[in-house]
Amino acid sequence: MLRKRLIFTLIYNDGFFTQSRNFRLQKVGDLSWLEKNYGFKDLAFSLDELVILDASRESKDIVGFADTLSKLAEDVFIPICAGGGVRCMEDAEVLFENGADKIILNTIIYENKDLVTRLIKKYGSQSIVASVDYKKNDVFIKDGTQIIDMKLHDYMDYIDSLGVGEVYLNAMENDGTGFGYDLETAKKIAKNISMPLIVAGGAGNEKHLIKGLMTDHIDAVATANLFNFIGNGLPDARRGIIFNNGNIAQWQ
Amino acid sequence: MKITIVDYGMGNIKSIIGALKYLEVEEITVSNNLSELMSADKLILPGVGSFSMAMSNIKKLNIDKYLRETVIVDKKPILGICLGMQLMGDSSTEDSYSDGLGFIKGAVSKFSESSLKIPHMGFNQVNINNNSKLFKGLNNLSDFYFVHSFRMASDTNINQSTCTYNGEFIASYEQDNIAGVQFHPELSQTNGLKLLSNFITSF
Numbered sequence: 001m002l003r004k005r006l007i008f009t010l011i012y013n014d015g016f017f018t019q020s021r022n023f024r025l026q027k028v029g030d031l032s033w034l035e036k037n038y039g040f041k042d043l044a045f046s047l048d049e050l051v052i053l054d055a056s057r058e059s060k061d062i063v064g065f066a067d068t069l070s071k072l073a074e075d076v077f078i079p080i081c082a083g084g085g086v087r088c089m090e091d092a093e094v095l096f097e098n099g100a101d102k103i104i105l106n107t108i109i110y111e112n113k114d115l116v117t118r119l120i121k122k123y124g125s126q127s128i129v130a131s132v133d134y135k136k137n138d139v140f141i142k143d144g145t146q147i148i149d150m151k152l153h154d155y156m157d158y159i160d161s162l163g164v165g166e167v168y169l170n171a172m173e174n175d176g177t178g179f180g181y182d183l184e185t186a187k188k189i190a191k192n193i194s195m196p197l198i199v200a201g202g203a204g205n206e207k208h209l210i211k212g213l214m215t216d217h218i219d220a221v222a223t224a225n226l227f228n229f230i231g232n233g234l235p236d237a238r239r240g241i242i243f244n245n246g247n248i249a250q251w252q
Numbered sequence: 001m002k003i004t005i006v007d008y009g010m011g012n013i014k015s016i017i018g019a020l021k022y023l024e025v026e027e028i029t030v031s032n033n034l035s036e037l038m039s040a041d042k043l044i045l046p047g048v049g050s051f052s053m054a055m056s057n058i059k060k061l062n063i064d065k066y067l068r069e070t071v072i073v074d075k076k077p078i079l080g081i082c083l084g085m086q087l088m089g090d091s092s093t094e095d096s097y098s099d100g101l102g103f104i105k106g107a108v109s110k111f112s113e114s115s116l117k118i119p120h121m122g123f124n125q126v127n128i129n130n131n132s133k134l135f136k137g138l139n140n141l142s143d144f145y146f147v148h149s150f151r152m153a154s155d156t157n158i159n160q161s162t163c164t165y166n167g168e169f170i171a172s173y174e175q176d177n178i179a180g181v182q183f184h185p186e187l188s189q190t191n192g193l194k195l196l197s198n199f200i201t202s203f
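The listed protein sequences derive, respectively, from chains A and B. The numbering of the first sequence is the working numbering, which starts it at 1 and goes up by one. The numbering of the second sequence is the working numbering, which starts it at 1 and goes up by one.
I should point out that these hints are in silico values taken from the structure, not numbers from a laboratory. Heads up, a few of these hints could be off.
[Stated by the list, open to error] Partner residues are not named here, just some residues of chain B that face chain A (Cβ under 7 Å, in silico):
hint, residue
1, Lys-14
2, Gly-122
3, Asp-143
[Claimed, not checked] Straight-line distance between alpha carbons at most 30 Å, and here's what the computed DSS-like set of lysine-lysine pairs gives:
hint, chain 1, residue 1, chain 2, residue 2
4, B, Lys-42, B, Lys-60
5, A, Lys-41, A, Lys-211
6, A, Lys-135, B, Lys-117
7, B, Lys-117, A, Lys-136
8, A, Lys-122, B, Lys-75
9, A, Lys-122, B, Lys-76
10, A, Lys-191, B, Lys-136
Predicted model, so just to flag it, every value in this text is computed and none were measured. Note that beta-carbon positions come from the ideal geometry of N, C-alpha and C, so glycine has one too.
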């Protein structure tokens, strides 16, 4: 049986990992700090997939980001999806060459359909994830700073027609609150699209992750909440999902 | 122990290298040079991408001849991963028809149309063959990470283990020194590390 997935999202900002709260970033530490304080390599054994996003707003330093990605790729034994600021074929190539199994796209999904099509042709639809930041019925691009002229449901239809592998749906209002996912919106969308759906934004404890994974048509849950899930949070969440007969992979 | 990853320019090998390092393999190289392949204890044939493009790269670099020499004549153990597993079969219908390396009796074709999503992507359970050396110590129906749109079938006994997704397909085969897995052990957590460790110690 094909399993649902538990995903952790690391947000990278100018050399540091950060905690995001309603899209405001708070620096936490770099990769060695993350390893030293949180034993990230061990934590990764509770995950099905890792997303790493470059949210650097001052200047995008793709070389520094790629270096961090490359180190992570050798240390974790799960698929890695990388992105944040991909604007051309070369950006994607750097990420794939440095260990990304998939790339996640946001702004260019809206602004450059032709590039998305070329990326799908070169790397395959399974390697391309569309990230959608939304607030109620509005969709935002450029790290949540610019509203677009399509409403959420029309935008999802548009993405469905592009042929990307899956969608990462991030509720901006719930982001970093720890109050739980916006499952109502996710459920409505899941019924209308043919791609797998990842829900993100708002998970604060293991119950939120379990509730998300127990929801029909939702294929994966993601959290970027370092503070709430570091320590025993992720292993406990995984055990809780299995205990509740959630459809998730089990390792020996 | 020296393991050489066969380089034909396709596939994400970072995680494979990471997994082999984790398993404390002394020497890990990436090469398409005959003497390098000959000096390895074991080979890994990786791969992501199109079958026909991979075969054309392999032929251009003479890797088909080198593999015949090392794997068929010299009986060096080899593990094919994902596309690498498919390439050791007879043929594939991806991008029209292409011949494979022909080490294993098996033909690759696309998942037939159904309501299920293609590619088959994510962790799925493997029906493990009781005679398997690769899965030794792993429970039946253990989870492994798959990502593929084409899959192998065979009418011969190639010691296959299977997976079910819109019907049954070959998740792995093991024949003498030749093994292949459709899934990615390097992306399959402790289950995948155990399988790689079995390949290293039992082949």
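Exercise. Against chain A, with CB atoms and a cut of 7 Å, does the hint on Gly-122 of chain B hold up?
Worked result: holds (5 Å)
For this session: Using 7 Å as the Cβ threshold, decide whether Lys-14 of chain B counts as touching chain A.
Result: holds (4 Å)
Exercise. Taking 30 Å as the top limit, are the C-alpha atoms of Lys-122 of chain A and Lys-76 of chain B close enough?
Worked result: violated (33 Å)
Exercise. Taking only the CA atoms, is the gap from Lys-135 of chain A to Lys-117 of chain B under or equal to 30 Å?
Worked result: Between Lys-135 of chain A and Lys-117 of chain B the Cα gap is close to 28 Å, so the pair holds against 30 Å.
For this session: Using Cβ atoms only, decide whether Asp-143 of chain B comes closer than 7 Å to chain A, and label the hint accordingly.
Result: holds (4 Å)
Exercise. Has the given pair, Lys-41 of chain A with Lys-211 of chain A, been kept, meaning a C-alpha gap of at most 30 Å?
Worked result: holds (26 Å)
Problem set entry | 30 Å Cα cutoff - pair Lys-42 of chain B, Lys-60 of chain B | holds (23 Å)
Exercise. Is the Cα-Cα distance between Lys-191 of chain A and Lys-136 of chain B 30 Å or less?
Worked result: violated (41 Å)
Exercise. Keeping to a limit of 30 Å between CA atoms, is the pair of Lys-122 of chain A and Lys-75 of chain B held or broken?
Worked result: With a Cα-Cα distance of about 35 Å, the restraint between Lys-122 of chain A and Lys-75 of chain B is violated, given a limit of 30 Å.
Problem set entry | Given pair status - Lys-136 of chain A, Lys-117 of chain B, alpha carbons within 30 Å | holds (28 Å)
The structure does not agree with the numbered hints 8, 9, 10 stated previously, though it agrees with the rest.
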